[in-house]
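Trainee: Sequence:
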Amino acid sequence: MENGSNSYDGPVLECRDLCISYFTRAGEIAGRFNTSMVYISHNLGLILATCDRVNVMYSGVVVEHGSVHEVFDHMRHPYTKGLFGCIPLPGADKTARPLVPIRGQLPLPHQRPAGCYFGPRCDFFQAGSCDQEGLHMTEVPNEPGHSVRCRRWQQIDWDSYNPEGVGASEMEAGEVVLSIDNMKKYYEVTDNSIAAMIKGKRVRHVKANESISFDARACETVAIVGESGCGKSTFAKVLMGLETATEGKVVFNGKDISQEEVQNRSPEQIGSMQMVFQNPFDTLNPSHTVGSQLARVIRKFGVHTDKEKVEARVMELLDLVKLPREFARRRPRQLSGGQKQRVGIARAFAGNPSTVVADEPVSALDVSVQAAVTG
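For the working numbering, add 37 to where a residue sits in the sequence shown, where the first one is 1.
Certain hints may be false.
[To be verified] Label-pair restraints from in silico Cβ distances: (1) TYR224 <-> GLY141: 43 to 49 Å; (2) ARG254 <-> THR132: 28 to 34 Å; (3) ARG69 <-> VAL105: 16 to 22 Å.
[Said to hold, decoys possible] Below, a list of computed lysine to any residue pairs in the SDA-like style, where the Cα atoms sit at most 25 Å apart: (4) LYS269 <-> LEU321; (5) LYS118 <-> PRO150; (6) LYS244 <-> SER197; (7) LYS346 <-> ARG366; (8) LYS344 <-> GLY291.
What the hints contain is simulated information worked out from the structure, not anything from laboratory work. A virtual CB, placed ideally from N, CA and C, is assigned to each residue, including glycine.
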């Protein structure tokens, strides 16, 4: 094999934690063949586990560069620090250690401010200094290879910095809105093997879901966790009526919907249960603008019919998912994968549903947006 360089853009977008071990192995193989690898990712866990050096980019420019351990352990740029404040820690109390989303929004290329592009979102911004042109990378003393693009990084006292988070307020769980009782989903598969012909068993069953039972209450978030292929998305499809259950009950707002396909459900049922789909690329109509697709949901489910109120609701939804309001005039082809996913989240909440089924809702989002959306 010839020496070369491989680039992976968003390599773990749809992968779980197990994939980190796969890319660790890929790094070992690359070392064996003297191949360099470039990972383009917002998965900080992957970067820490597999990379040697890291470049932190913001709005088209590198704002911090260095070895992974120098940047992660001794970060100097406010944006890098902000990214780590957005990461939930295993075992941490969500009220004692709330997520701290980065305020504001990433500037569009034609709206970048003078001086530091991160300035309008930075808690350490200083007019007359940070907004001046000619901002260059600066070497960090005693840390070879570690550089930062910030005029004030040496003046920042991180020990006394205590930004306000978006800690989830404790809410008392209400009545049961969704009850799953021994739900099973099997698929019939035709077996054309000679052994099946001899035994006379041409049909076998693939058990995608087996005996699922739980309750979900109002003001409560329930997680379904597992590796790829374990049946999570199949279960979500049964809830939404895209599939029907083989056995068991799915009781939503007092009615068993386990055998009701989506086309047979009432508008009230459909409006009360909405979904954020795992793949944002196939869930938006390419012929319509983002604003028109959100407005359609708002009108269809009777949230608002007045034009001005509908438009105001569209803008509110875009604000909630950290998208610029002018994106209402854009079509899906003009959006990145993460931006499409945010539109999908906004659309799921546009009709004021009582239950939202979110299938990998933040898989394409960077950690700063994840913190804002989930918080």
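Trainee: Does each hint fit the structure? Answer for all of them.
Mentor: A quick look at each hint next to the structure:
Remark: the range hint 43 to 49 Å for TYR224 to GLY141 is upheld by a beta-carbon distance near 47 Å. Between ARG254 and THR132, the C-beta spacing of about 19 Å breaks the proposed range 28 to 34 Å. Between ARG69 and VAL105 the C-beta distance comes to about 21 Å, which sits within the given range of 16 to 22 Å. Between LYS269 and LEU321 the CA atoms are separated by roughly 22 Å; this keeps the pair inside 25 Å, and the hint holds.
A threshold of 25 Å between alpha carbons decides the hint, and for LYS118 with PRO150 the separation of about 21 Å falls inside it, so the pair holds. Distance check on the hinted pair: LYS244 and SER197 sit about 54 Å apart at the alpha-carbon level, beyond 25 Å; violated. Note on LYS346 and ARG366: the hinted pairing holds, with a Cα-Cα distance of about 17 Å set against a maximum of 25 Å. For the hint linking LYS344 to GLY291, the alpha-carbon distance of about 34 Å lies beyond 25 Å, and the restraint is violated.
When each numbered hint is compared with the structure, violations occur for hints 2, 6 and 8.
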